[in-house]
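These protein sequence lines map, in sequence, to chains A and B. Going by numbering that gives the first Met the number 0, the first sequence runs without a break in its numbering and finishes at 269. Going by numbering that gives the first Met the number 0, the second sequence runs without a break in its numbering and finishes at 846.
Calculated directly from the structure, the hints in this document are not laboratory data. Do not rely on the hints blindly, as some may be mistaken.
Which residues of chain A face chain B? A few of them, derived with a C-beta cut under 10 Å, are [unchecked claim]:
hint, residue
1, Ile29
2, Asn59
3, Asn141
4, Glu142
5, Lys150
6, Ile171
7, Ser181
8, Gly185
9, Leu186
The structure displayed is predicted, hence computed values, not measured ones. A virtual CB, placed ideally from N, CA and C, is assigned to each residue, including glycine.
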Amino acid sequence: MRYIILVTIMSITFSIPQAQAQEILDISYIECSYKFTLMRDTVAKKKLIKDTDMRLLVGNKYTEFYSYTTFISDSIFNSEPTVDISSKIVDLSDLIKNSPRGESFKIYKNKVEKIITYTDEQGLYKFLYNEPFSKQNWKITNETKVIADYKCQKATCTFRGRDYIAWFTREIQVNEGPWKFSGLPGLIVKVYDTHEHYDFELNSMQKVKKAIVFNEQDYTKVSRTDYIKTIRRFLSNPLSVFGNVEYTQLDGTARIPNARRYDVMERDIK
Amino acid sequence: MSILCCNANAQMVLSGVVKNARTGELLSGANVTLHKHGDDNIIAYSICNNSGEYSVNFAEQSDSLDLRVAYLGYAEQIIRIAPQSQVNNFSLEEKEFVLKESKITAPKIRSYGDTVSYNAAQFVREQDRVLTDMLDRLPGVEVNKESGLVKYQGTPINRFYVENQNLMDGRYGEISKNLPVDAVKSIEILENHQPVRALQDISFSEQAAMNIKLTDKAKGKWIGNGFTAGLGVSPLLWRAEFSAMRFSPDIQTYVTYKTNNTGQDIKIYNNFATIQIIMYNETNTNAFYSPFISSPDLDKKRSSFNRSHAFSINNLWKTGKESNIRFNVDYRNEETEQQSSQITGYYLASDSVYVYSEKYNVNSYENKLSGNLTYTRNDAKLFLENKTKVEANWQKINSQIKNADTINQRFHLPGFEIGNDFRITARTDKKQTYHFTSNNKFKLQPQELRSDISASTGNLIDFSQIADIKTFESQNDLSFGHSIKRVHINYSLNYNFRLDGYDTGNDIFRRNEHIFNFSPSLSYQGGKFKTSIYLPLYYVNISGSDNISGFSGTVFEPSLRVMYSIGYFWELHVGGNLSSDFGSIYDVVSGVMKNYRTQYIFDGAQNRSDRATATVGLNYKNPIKALFTYFNLSYSNITANNTSEQIVNGAQFINRIIEGKNKMHSISANGYISKIFDWQRCSAKFNWNVSQSKSQQIQNLMLMPFSNFSFLLNPSFDIETLAGQMLSYSVSFSAVRSTIQSVKQPFMRNLKQNFTYYIPITKELNITLVGEHLRNQVNTNQHVNMFLMDAVARYKISSKVELSLNWNNIFDTREYSYSSYNDLYYTSYSYTLRPMNIILTANVRLK
Chain A
0 MRYIILVTIM SITFSIPQAQ AQEILDISYI ECSYKFTLMR DTVAKKKLIK
50 DTDMRLLVGN KYTEFYSYTT FISDSIFNSE PTVDISSKIV DLSDLIKNSP
100 RGESFKIYKN KVEKIITYTD EQGLYKFLYN EPFSKQNWKI TNETKVIADY
150 KCQKATCTFR GRDYIAWFTR EIQVNEGPWK FSGLPGLIVK VYDTHEHYDF
200 ELNSMQKVKK AIVFNEQDYT KVSRTDYIKT IRRFLSNPLS VFGNVEYTQL
250 DGTARIPNAR RYDVMERDIK
Chain B
0 MSILCCNANA QMVLSGVVKN ARTGELLSGA NVTLHKHGDD NIIAYSICNN
50 SGEYSVNFAE QSDSLDLRVA YLGYAEQIIR IAPQSQVNNF SLEEKEFVLK
100 ESKITAPKIR SYGDTVSYNA AQFVREQDRV LTDMLDRLPG VEVNKESGLV
150 KYQGTPINRF YVENQNLMDG RYGEISKNLP VDAVKSIEIL ENHQPVRALQ
200 DISFSEQAAM NIKLTDKAKG KWIGNGFTAG LGVSPLLWRA EFSAMRFSPD
250 IQTYVTYKTN NTGQDIKIYN NFATIQIIMY NETNTNAFYS PFISSPDLDK
300 KRSSFNRSHA FSINNLWKTG KESNIRFNVD YRNEETEQQS SQITGYYLAS
350 DSVYVYSEKY NVNSYENKLS GNLTYTRNDA KLFLENKTKV EANWQKINSQ
400 IKNADTINQR FHLPGFEIGN DFRITARTDK KQTYHFTSNN KFKLQPQELR
450 SDISASTGNL IDFSQIADIK TFESQNDLSF GHSIKRVHIN YSLNYNFRLD
500 GYDTGNDIFR RNEHIFNFSP SLSYQGGKFK TSIYLPLYYV NISGSDNISG
550 FSGTVFEPSL RVMYSIGYFW ELHVGGNLSS DFGSIYDVVS GVMKNYRTQY
600 IFDGAQNRSD RATATVGLNY KNPIKALFTY FNLSYSNITA NNTSEQIVNG
650 AQFINRIIEG KNKMHSISAN GYISKIFDWQ RCSAKFNWNV SQSKSQQIQN
700 LMLMPFSNFS FLLNPSFDIE TLAGQMLSYS VSFSAVRSTI QSVKQPFMRN
750 LKQNFTYYIP ITKELNITLV GEHLRNQVNT NQHVNMFLMD AVARYKISSK
800 VELSLNWNNI FDTREYSYSS YNDLYYTSYS YTLRPMNIIL TANVRLK
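Isolated chain A, as found in the complex (with noise of 0.2 Å):
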C-alpha cells in the first residue's frame, strides 16, 4: 500500500509521493475520537477549535493518538471514508489540496516498554523522538460530573510546567487518554489545563479493530528538548522551519508573519 505524504505550509504546497516499509505495531480494540481545543490568543483569549477529530487507538501493547482529519485529508487509500471512492475517480491533487488538514503530530505508546515514540511535521522536517513514560501523578478529587454521558471523576497532576484537569470514567476500563495522558484507573473523557490553553474532549468512541501503523519515514531523529525548541521558534516565527528564509513582499519590504500567541503544550523546556 502506498501513503501519500503531504507537506503544507502557509499555502504553499509540496507533494512527495513514495513507498515506505510499515509496521503494524497493534490491533486496537477501542477507538476514541477527540475534540482539540487550543486558546490561539492566550492574552485576547481566543479559543480555536484546532482540530474536531483527534483519534485514540488502543491495542493490548500499543496506542496510538493521531489527527483523523489530517488522515483523510492526506490518504485515499483507507477504508473509512463514508463516500465510495472505489465508484469515483479521484483527482488526487485536488483531493489533498481542497481538504482541511488538521494536526500534524502522532504519538505511539508502547505500553509494555513503557515508550512514548512522537512524530511530528513542521515545514519540510519530519521529526521524531522517543522518550520513556513520565510518571503523571495524578491526584484522584471526590468531585464527579456527566460528560459525553458518562460518570466521570475528577483527578488532577502537575506535568510539565502545566497544572491539568483530567475526568475520567469506570465506564470505560481503559487507563488511557488523549495525547501523552494516561494512568488513570478509567477512560479520560475530557483533560485540560488549568488556564484552559489545551482542551481534550471526547466526541465518541466505538470497539473497532484498527491496525496502529508506523510508518517508517525519513524522519529526522531528536531530542525532545530539540524539538520543543524548534516548535517555540516556529511559534515565534513562522517561516524559521525553512531555515532563515526571508519573505519578501511585493513593494521589496522585508515582513515577518505574525506570531503565534500561545505557548507549546510542554512548558518544562525553556
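Please arrange chain B on chain A, whose structure you already have, making use of the hints.
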C-alpha cells in the same frame, strides 16, 4: 514501576496479582480501585504492571472497603475488605464489553475533497419523522417542502442517490418524503458532480449531487412508513397510505399506494423536469390557461378539496458492478374542487385602472399514467444509457364563472407521449472521448375548450376551441474530444429538428424547425481553477404552413463559466453567455381562445429574442464551524423583435403579439446564510433576494414602459427551548413596487410567519402545534390578516404502532386571500379553505 499511588500518607498496602481466569494470562493494565463500601468514588488505585501485579497504598480509616478489579473485556470483581494490609489475587472472567449506541458520534459535518458529509445523528430532532424534515436543517441545503426539490448552495442538485444508486431519478422527493429519518446514517453532498464517470476529470459540473447513506440496520431491509389509515370529520374524511422501500446492494425498490380526501398532496414531482426544459428548450405545453389558482405561500393541503389515489412502483437491479436496469411506473387519479374569486386590475394609460371581477367554481378529474425503463452502464471508460418513457394523461376541467354573466368552461386536456433517449460516451486511455446522443419524442395532445354563456350581458360569446397538437422532436449529437494535459477540447456536431402540427379547428399551423450546430468547446480543470468555454454556431431553419413566417440564418451562442477556489472555504463563480430563442408553435398559433375571455393573437414577425446574461456568485462553506453562505448577482438583457400588447375590452381580454423591438433588463441578487450553533441545538438560516426589472408593453394602444422592484427577507431558526421542546420559527417579508409610465405605484407588502412547537409529554406521547399568520396586501390600501393553527397529538403504542390525532384549522379560517403582479395588471385572489376538522390516524411502521 507502574505502581501509581495517590495517597502520600500511605499506611496500608493492598497487593496481589490479576489473571485471566480461563488462560491464566497475567493482566497488565487491569485497574484495581479502592472504594468506601457501596460508593463509586475512588479513594486509591493501582494499575497492574507487566507481571499483573498491583499495589494500592492507602490510609483510609473506614470500617468497610470495596476492592474492585476491572479491565475492559472482563467482568468486574468486587470484594469487601477490612482496612488492613493484605494480599488478594484475582482471576477475571472474560466478558464482552458493550458500548451504548447513542455514544457513537462523530463530527457534525466532515469535508474531504469534493465531498461534504453531514452526520445524520447530529442533525435529527425528536420531532423528525422522514428525511425531508431533517434536510432543511443542514447548513448549505435548502428543500422545497412541496416538490422535495433540493438545492445546495443555491443550485438544484443534479442527482439524488441512495447508497450510490439512482433509483428515482428526478422523482427523488418521494424518497425524501417517505424515508424514515432513523434509517439515515449520513447525507453526503458530492460537489461539482459529473454523473458520467467517463467524463469525471474532463468535464465538470456546477451542480452537486446528494447521496444518502443508510444505517447498517436499514440496509437490505424493508423500511418505510408502512401502513397508515385514518378517519375524520367533517365532512367524512379518510386517508390511507402504504409505503415501503428496500435498498440492497443489488436491488433497490420503492412501492407506494396513497389515497385521501384530506388535502394531502400525493403528486409525484419530477425535480429534474425544470432542468430538462432548459436543456431541451421545451416550452409550456398546455394550449389553455388553467382556471386553478394556488398561492406559493400556503400549504396546498389547506385548500385542496380532493379525492386522490396514487400508486408508484420503482425498481432498480444491478446487472453488473457498474450497470443497472431501472423501471418506474406512476399512476394517479385525482378529483379536485376549488372555489375562488378573482379581481383583476389593468393599469391603463393616464394612471387609471380597469377592474374585472370573477367568481370561480372549478372541478377537475385527472388520470395520469407514466413509466420509464432505463438501462445504464456507467464505468470509467464507458457510459451507456437508454431510457424509454411513456406518459398518458387525461384531464377534464369544468369551471363555472359568475360575474354579471354566467359562463361554463369545459376543458378536455388529454395527452400522450412516447420517447426514447439514447446516449453513449466512451473514453480512451489518452483521455479521448467519443459521444453520441439521440433523443426522440412523439407527443399527441387532442385538446379542447368549450365555453357556454348562459346569461350574457356583455360581449362574451359561446365558442368551442380545438387544439389538436402533434409534435415530433429529435435531438442528435455526435462529438469527439481529446485532452492536452488538463485541457479538454471537444467538437460536437448536432442536428435537431422539431415538427409541430397544431389544428385549431379553423386553421392548421405547421412549423418545422431544423437546427444544425457545430460546437467547439474547451474545458480546463486545475486544482483551484475550473473553466469551460462553448462556442456553438447554429444554422436555424424554420419553415411550415403559409400562416407561419419562416426564418433561416446563423446564430452564435458563446458561453463562458469560471470557477475559482479561494483558499479552502471560498469559491467564486463567474459566467456569461449569449443565447437566442425562436419560440415554439404555441407562440405563433394565432386567433385562439386561451380561456373563456382571453384571446391570443399573433401578428408579430418570426419570434426571436436574444439574451445576454452575466452572473457572479460567491460561495462559502466552513464545515468545522457549520457555517454556509452564498451570494449571487445576475444581470440579463433581452432584446425581442416582438412586443406584447394587451387590449381590455369589457370582459374580453386580448393578448396580442405585434412586431416591434422590445427590451428587457433585469438585475437580481440573492443570498443565503446558515449556521448551526451548539447552544440549545439551534440552527438558523437567512434567505434574501432583491430584483429590479425594466421593460415595456402596449396596453390599449399605448406604449407603457414599466419597471418592477421587489425584495424578500426570510430568516428562520430551530431551537430547543425547555427540556426536549423544539421551536421552529420562520418569518418572510416581501414587497413589490411597480413603476408604470414613471408613476410609482405604492409598495405591496406581504408578511408570513410560521411556527412549529414540539412538546414531548411522556416517552410515548407528544404534541405538535403548528401556527401560521399571513398578512397579505390585496390592494393598494387593504391588508388581510389570516390565522391558521393545527394541533397534532401522537401516541406510541409500541415501537412500530403509533396513533395520531390531528385537529386542523382550529380557528376555522375559511378564506385565503393574496395578490399577484403581472407587469401591467394585478390580480387579487381569494379561495376557500378546508373548515376545521379532526382526523384520527393509526400508523404501523415497517422495521
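Hints versus structure:
no., hint, result
1, Ile29, "7 Å, holds"
2, Asn59, "8 Å, holds"
3, Asn141, "5 Å, holds"
4, Glu142, "9 Å, holds"
5, Lys150, "7 Å, holds"
6, Ile171, "7 Å, holds"
7, Ser181, "9 Å, holds"
8, Gly185, "7 Å, holds"
9, Leu186, "9 Å, holds"
Checked against the numbered hints given earlier, the structure satisfies every one of them.
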